[in-house]
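Peer 1: Sequence:
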Amino acid sequence: MRADAQRNRERILTCALDLFAARGPGVSMEDIARAAGLGIGTLYRHFPDRRALVEEIAADALRGLGAEIRRLSAQELPRWDVLTQVAAYCTGQPLALIKSVGDDGLAPPERAPLQDEVDGLLRGLAEQAQREGTVRRDISPADVVEILSTAVCRPGARPDDPVTRVMLDGLRATADA
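Residue numbers (UniProt numbering): 1 to 177.
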């Protein structure tokens, strides 16, 4: 891809992500093109429809999340601390947008391996935290991933908001558990 075309593509993705974060998934393709300083034809040459654009954002976010989980997991920290740092990282990602698009059952097959990889990394982290004794053992690692997803894959999720705090508190092992 030519350098100017690559810059245009990156500008489209950045502006789309900013607009989706600010105004929700209903942002028009015209608004995205305008924010990127490009014509609508340029946007459609890169992304034939909204779904293709959101899927590119989803793939980028999942690749970034996988890399962040691996980076944090490599640190010599208690697994609970790694888990909460992953949750905090997730709140800054477009996961609510990705989840809303995937809920219609039409996610492309290319996304499945990325999602499976991230879910596997999270399940592994949950298992480590359970062995360490910092995450409850009365739920499965898959349930831990589902609870984390519910906490952080929603509009307005923040590391310190009440929903995220309560869900994380519910995952944490207690002395009497």
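Any given hint could turn out to be false.
[Claimed, not checked] Below, a list of computed lysine to aspartate or glutamate pairs in the EDC-like style, where the Cα atoms sit at most 20 angstroms apart:
{"no.": "1", "residue 1": "K99", "residue 2": "E30"}
{"no.": "2", "residue 1": "K99", "residue 2": "D4"}
{"no.": "3", "residue 1": "K99", "residue 2": "E56"}
{"no.": "4", "residue 1": "K99", "residue 2": "E68"}
{"no.": "5", "residue 1": "K99", "residue 2": "D49"}
{"no.": "6", "residue 1": "K99", "residue 2": "E127"}
{"no.": "7", "residue 1": "K99", "residue 2": "D119"}
{"no.": "8", "residue 1": "K99", "residue 2": "E110"}
{"no.": "9", "residue 1": "K99", "residue 2": "E76"}
{"no.": "10", "residue 1": "K99", "residue 2": "E55"}
{"no.": "11", "residue 1": "K99", "residue 2": "E117"}
{"no.": "12", "residue 1": "K99", "residue 2": "D138"}
Keep in mind that the hints were calculated from the coordinates and are not lab data.
Peer 1: Which numbered hints turn out to be false for this structure?
Peer 2: 1, 2, 6, 9 and 12
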